[in-house]
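Colleague: Chains B and C: place on chain A using the hints.
One-letter residues, chain by chain:
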Amino acid sequence: MSNNGYLFAAYAATWIIHIVYLGTIVSRYSRLKREIEDLKKPGVRS
Amino acid sequence: MKTVFPILGVLTAILLSYALYEALVAAPTEQTMGDVQRIFYYHVPSAWTAFILFFVNFGASVFYLTKRRPAADIVALVSAEVGVVFCTVVLVTGPIWARPVWGIWWAPGDIRLTSTLVLWLIYVSYLVLRRFSSSGQTPTLAAALAVLGALCVPFVYFSIWFFRTQHPQPVMGGGGSIDPRMLHVLLINWLAFSCFAFLVCWSRYRLERLQREVDQAHALESLLEPRRSAR
Amino acid sequence: MTAPTGITRATLLKDLRLEWRSKDAINSMLFFSLLVVVVFSFSFDPTAEESRQIAGGLIWVAFLFAAVVALNQTWAREIRNQVLDAYRVSPAPANSLFVAKTVGNFIFVSVLEALMTPLFIAFYHLRTLGPVWQLLLIAVLGTWALVVNGTFFAAISLRTRSREIMLPLLLFPISIPAILAMVQSTTAILNGEGAHFYIVLLATYDLVFTTVCLLLFETILNAE
Numbered sequence: 004m005s006n007n008g009y010l011f012a013a014y015a016a017t018w019i020i021h022i023v024y025l026g027t028i029v030s031r032y033s034r035l036k037r038e039i040e041d042l043k044k045p046g047v048r049s
Numbered sequence: 002m003k004t005v006f007p008i009l010g011v012l013t014a015i016l017l018s019y020a021l022y023e024a025l026v027a028a029p030t031e032q033t034m035g036d037v038q039r040i041f042y043y044h045v046p047s048a049w050t051a052f053i054l055f056f057v058n059f060g061a062s063v064f065y066l067t068k069r070r071p072a073a074d075i076v077a078l079v080s081a082e083v084g085v086v087f088c089t090v091v092l093v094t095g096p097i098w099a100r101p102v103w104g105i106w107w108a109p110g111d112i113r114l115t116s117t118l119v120l121w122l123i124y125v126s127y128l129v130l131r132r133f134s135s136s137g138q139t140p141t142l143a144a145a146l147a148v149l150g151a152l153c154v155p156f157v158y159f160s161i162w163f164f165r166t167q168h169p170q171p172v173m174g175g176g177g178s179i180d181p182r183m184l185h186v187l188l189i190n191w192l193a194f195s196c197f198a199f200l201v202c203w204s205r206y207r208l209e210r211l212q213r214e215v216d217q218a219h220a221l222e223s224l225l226e227p228r229r230s231a232r
Numbered sequence: 003m004t005a006p007t008g009i010t011r012a013t014l015l016k017d018l019r020l021e022w023r024s025k026d027a028i029n030s031m032l033f034f035s036l037l038v039v040v041v042f043s044f045s046f047d048p049t050a051e052e053s054r055q056i057a058g059g060l061i062w063v064a065f066l067f068a069a070v071v072a073l074n075q076t077w078a079r080e081i082r083n084q085v086l087d088a089y090r091v092s093p094a095p096a097n098s099l100f101v102a103k104t105v106g107n108f109i110f111v112s113v114l115e116a117l118m119t120p121l122f123i124a125f126y127h128l129r130t131l132g133p134v135w136q137l138l139l140i141a142v143l144g145t146w147a148l149v150v151n152g153t154f155f156a157a158i159s160l161r162t163r164s165r166e167i168m169l170p171l172l173l174f175p176i177s178i179p180a181i182l183a184m185v186q187s188t189t190a191i192l193n194g195e196g197a198h199f200y201i202v203l204l205a206t207y208d209l210v211f212t213t214v215c216l217l218l219f220e221t222i223l224n225a226e
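Residue numbers (this note's numbering), protein chains in the order written: chain A, 4 to 49; chain B, 2 to 232; chain C, 3 to 226.
It should be emphasised that the hints constitute simulated quantities derived from the structure, not laboratory data. Among the clues, some could well be false.
[Unchecked claim] Derived pair list, reagent style SDA-like, types lysine to any residue, alpha-carbon separation capped at 20 Å:
| # | chain 1 | residue 1 | chain 2 | residue 2 |
| --- | --- | --- | --- | --- |
| 1 | A | 44 | B | 3 |
| 2 | B | 3 | B | 18 |
| 3 | A | 36 | B | 3 |
[To be verified] Covered by chain B, according to a simulated footprint, are these stretches of chain A (three or more residues, beta-carbon under 8 Å):
| # | segment |
| --- | --- |
| 4 | 6-19 |
| 5 | 24-30 |
Don't be surprised by glycine CBs; every beta carbon is placed ideally from N, CA and C.
Just chain A, same shape as in the assembly (with noise of 0.2 Å):
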């Protein structure tokens, strides 16, 4: 039964790795994202 336990965790480790990734791709965007509001605003400096 506690076999049960490790295709758990190997399904949940997956997922976990996944989405670690897209979160640093999505939070690089964000930063990115205002990095241009910046930008086009004229005279202020980032």
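Modeller: Chains B and C only, in chain A's frame:
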């Protein structure tokens, strides 16, 4: 373009859910290993996806060295990063599967896990090089490293293969013929993960393109208006 | 064909002469190698029988560290005197420089290995059951594998931050098949077994990587 992505996203999510159901419920239970064997349906497709991505990296690097297109460089970077992510999944699910089945987390002679580890090391070193070198030369240097890394792969495989004949090790699951129903579930999961990988690569590609445009805008700004620049 | 080999020979002789006069690198590397052997001898204290099993691995790890120390200073002199820039604008083929540097490194590391081996034999009471000429062949092929990739990656590392750590970071993963072959074949021969597969593997590895490094060196030398 803007509408295609969400549609593909939803389709992929549906496909992944269906594949998960197939793997956990519909697939037949393996005789010797029991339900733990179902890790196979995540472990193997991740490995295949990682290998394909690394092959794409090799192709993109060679293309960059010959044609010097920036897009090729971005493809190389993206495929290496996403490839490393999938490779990490393989290296994490592998030991989790091995522990209940063999009683050990790792076997040095297990050709698949060990060669995957070496592959992971090679492409992580590629990403480290990209991080640590200055932007003008990075694409060329990284492409050269990628070519060497890719050429290394057959040697990795053969050296570990021979090592295994000298030091016999337990064979990881999937050796020999496979039940057609299991093959069916495996292929569905592979298709689902391939679609997922494609979408992740696409997002990362868009992010990188945007990042480079912003960097160029910054560079242009500091060139054109040095008086107002904080530096 | 004479011009490139002439340049290669000239560069190589210059490096050897400079090294012979100053003995900078060789002295520090020698002392480092001695330290490595001594530290290993305290860490692993096996019987003569056991030592034959582990000596292959120990020796090659020690050689690997010594090689990294040697490789890290490959281009140091060139950087100090802006020689690389001069080389880039000269009509001399980049490959000549690469071959000269690689052969120079090969000689340095071989000298180190020749000096460390008696120490290992003494500390670990080593005696080989297999033919010595095969051990020498593996030493030559293995050292060349480390040095050819190492010189190439040393040139790449020049353009990075943390140059010294970058070299082993890039070199080790790609050298793994070669290291596995070196260690396993050395252990096999010490124990009187055959190592033909690994020797052929090493030779093929050397051939492939020497060719590719030669093809790509000009590209990375001129990268921006």
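Colleague: Taking the hints in turn, state whether each one holds.
Modeller: These are the hints, each one checked on the structure:
no. : hint         : result
1   : A:44 <-> B:3 : violated, 25 Å
2   : B:3 <-> B:18 : violated, 24 Å
3   : A:36 <-> B:3 : holds, 16 Å
4   : 6-19         : holds (count 9)
5   : 24-30        : holds (count 3)
Of the numbered hints given earlier, the model fails hints 1 and 2; all others are met.
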